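**Q** Spelled out, the chains give:
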Amino acid sequence: MIEAKNLNLYYGAFHALKDINLKVAEKSVTALIGPSGCGKSTFLRTFNRMNDLIPGVKIEGDIIVDDENIYQKGIDVDRLRKRVGMVFQKPNPFAKSIFENVAYGMRVNGISNEKVIKEAVEQSLKQSALWDEVKDSLKKSAYALSGGQQQRLCIARALAVEPTILLMDEPASALDPISTAKIEELIHELKKKYTILIVTHNMQQAARVSDFTAFFYMGSLIEYDLTKTIFTNPAKQQTQNYVTGRFG
Amino acid sequence: MKKIFERIVEGFLFLSSTVTTITVLLIILFLFREGTGLFGKSPTEEGFTVAVNKNNPVSELNAEQVKNIFDANIENWKQVGGKNDSILVFRMDDIFKFYTEEELAGVDTNMTLLASKIDEVIQKNPNIIAFISSKNLPANPSSKIITIAKINLSDFFRGEEWFPTSQPVAEFGIYPLIMGTLWVSFLAILIALPFGLAMAIYMAEIAAPGVRNILKPLIELLSGIPSVVYGFFGLIVIVPLLQKTFDLPVGETGLAGSIVLAIMALPTIITVAEDSIRNTPVSVKEASLALGASHWQTIWRIMIPYASSGITAAVILGIGRAIGETMAVLMVTGNAAVIPHTILQPMRTIPATIAAELGESAKGGMHYQALFALGCILFIITLVVNLTVEMISKKRKQNR
Ligand SMILES: Nc1ncnc2c1ncn2[C@@H]1O[C@H](COP(=O)(O)OP(=O)(O)O)[C@@H](O)[C@H]1O
Ligand SMILES: [Mg+2]
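Those protein sequence lines, which keep their order, are chains A and B. Residue 22 is where the first sequence starts when you use this note's numbering, and the numbers rise one by one after that. Residue 127 is where the second sequence starts when you use this note's numbering, and the numbers rise one by one after that.
For the record, the hints were derived by calculation from the structure and aren't laboratory data. Treat the hints with care, since some could be wrong.
Non-contacting residues of chain B with respect to chain A, defined by C-beta distances greater than 10 Å in every case (computed) [as the list claims (entries may be wrong)]:
#	residue
1	T147
2	T149
3	E171
4	Q205
5	I213
6	F222
7	A231
8	A265
9	L341
10	L344
11	Q369
12	S409
13	L417
14	Q423
15	V464
16	A481
To give a feel for the contact side, a few chain B residues facing chain A, derived at Cβ under 10 Å [unchecked claim]:
#	residue
17	G166
18	P302
19	A333
20	R338
21	P366
22	V410
23	L415
24	S420
25	H421
26	T424
27	R427
28	I428
29	Y432
Treat the numbers as computed from the prediction; the structure is a model and nothing was measured. C-beta: ideal position from N, C-alpha, C; glycine also.
Just chain A, same shape as in the assembly:
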């Protein structure tokens, strides 16, 4: 159960997110669309407090994850990030072996039983549809994989810490069409178990993979509805213009 309530975010003096209210449905895929620079990534990154790293960021309002405002005092951010996994725009594996990439999240979260880790690594790689391709080369460097494989490795890495929510920031934008298709297929599978928020600039992709779509424009949430509605019968003219490709 995740929700943004009256959310405002400032980069210094720049007002990047303006009074956003949005409730995400569980075990479904919600797509965030909008022209470049409208605040999609910024919004996504509020859910695992990734914006904390950027100096000068000010946040007002609430983000509720599992009935708890994650911006209140006393929140354990590291534990939060364990529950809210993230996949980035460009594949960013560690300079470690394939196995250690997936095991990393467990190790830093205090799991040291090698048997448990090994099983979870296999499980995660299977979930991210990479197992068959890498099962014989788990000791190889993650850099030896192709871009698409690396991205699936990053998904496996995120899944291995057993999050309930998965944030994906344009996860296929750096990939070829075949790898993209694989990732989209994967998202379909994953939504059975996870609540997924995905940023995409690709209209077709949003239409294909998501159940709900939120359209952002210049830091404001313009419209939020069933994906079908957004793409066939949006309430706002702005949304209509954007999804039909008339601007952005």
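Once you've looked at the hints, dock chain B with the ligands against the given chain A.
**A** Below, chain B with the ligands without anything else, positioned relative to chain A:
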């Protein structure tokens, strides 16, 4: 008009780079020519001769043996491969022990007479060894002249005695100097690495931008201080401190040198290591944090390994630069050319040896050449260090 001007500038650039290259090559050539001149020479002074009775089976000695016999450290022929017989050392002054004043009348003007007298003494004493000038023997002496082994590479590197000016034979064993250099350098790395790394991590990841903006120029300032000043600091603060703490006879020790060296290397280490830690891609850092790793776990498990080759290069570069900064080390290590057994004893490094002795060595002499040979070794060490750093950073770029 413009063309001509460009031509002139081009010509000038070409000329200056050519001149620079040639100069560097000439310096290296000069260094090696002087340095290699030492080998194949006899380690004795010009005109110096060692002679024995012709029935003595010994016919060749090396420099160390000659010196030890001369200093009465070796007293039996058996020790140098001869018969079991005590050695009788004969120096020029000893002539009066064998002849009376009358018998020697006229020798101060008649060289041939003196020579024949000395030859006679050697003939009469089967266990004698004479350290004399070649002029003090007849043209065809009945005594046997000992061949002294020439200086060779193996003795140079493995010899344990560095007595470049000792009489009658000089000894050029650089093993203690190499060991001194290695001990001082490695210990300096051990000291500098944790401090440098801690500081680099602090500056790259923890310090507020304001603090960092103060620290950064301060550290760069440190590298601008002349090494003599570090030497003074070492001499006045570190040396007495070590002496008191470890209750030593002298505080000038390898450890003191290592500490000063480590301090001098720190600016380079901190700056280069910080850069390489900072160069860890944000995306990789974020990936770690997004998995629930703490900031420290991210630094320790992701950023440091990512920057490890840069950190290695930083340390090598830092120490490499600092060891070339002879003065400070020279001032605090005590400079005893002995093979070190603990860090708490005086040591001597190669650069310090060159700096301390070059001024008092005769140009073109063996001592002078030996110092140049040391220079060659230093040059090779530096070359290897630089190539290593180059290789490490190349590998680093490939990993990106
Ligand atoms: N670290 C930052 N500092 C200042 N401004 C930023 C920062 N990151 C993003 N912005 C600004 O915030 C706005 C939204 O950025 P972003 O969320 O990345 O947009 P999107 O992902 O929709 O393309 C943009 O105008 C961008 O310039
Ligand atoms: Mg973005």
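**Q** Using Cβ atoms and 10 Å as the threshold, tell me whether A481(B) really stays out of contact range of chain A.
**A** Holds, since 43 Å exceeds 10 Å.
**Q** Are all beta-carbon distances from I213(B) to chain A longer than 10 Å?
**A** Fine: 68 Å to the nearest Cβ keeps I213(B) off the interface.
**Q** Against chain A, with CB atoms and a cut of 10 Å, does the hint on L415(B) hold up?
**A** holds, 7 Å
**Q** Regarding the hint that R338(B) lies at the interface with chain A, is the smallest CB-CB distance below 10 Å?
**A** violated, 12 Å
**Q** Using 10 Å as the Cβ threshold, decide whether H421(B) counts as touching chain A.
**A** holds, 9 Å
**Q** Would the hint on T424(B) stand, with a C-beta cut-off of 10 Å toward chain A?
**A** Holds. Min distance 8 Å.
**Q** With 10 Å as the threshold, tell me whether Q423(B) passes as away from chain A on beta-carbon distances.
**A** It is violated; Q423(B) is separated from chain A by about 5 Å at its closest Cβ, not greater than 10 Å.
**Q** Closer than 10 Å between Cβ atoms is the bar; does A333(B) clear it against chain A? Give me holds or violated.
**A** violated, 13 Å
**Q** Please check whether the beta-carbon of F222(B) is more than 10 Å away from every beta-carbon in chain A.
**A** holds, 81 Å
**Q** Since A231(B) was said not to touch the interface, does its Cβ keep a gap of more than 10 Å from each Cβ of chain A?
**A** holds, 91 Å
**Q** Tell me if the interface restraint on G166(B) is satisfied: Cβ within less than 10 Å of some Cβ in chain A.
**A** violated, 52 Å
**Q** Given a cut of 10 Å on the nearest C-beta pair, is the interface hint for V410(B) held or broken against chain A?
**A** holds, 5 Å
Checked against the numbered hints above, the structure violates hints 12, 13, 14, 17, 18, 19, 20, 21; every other hint is satisfied.
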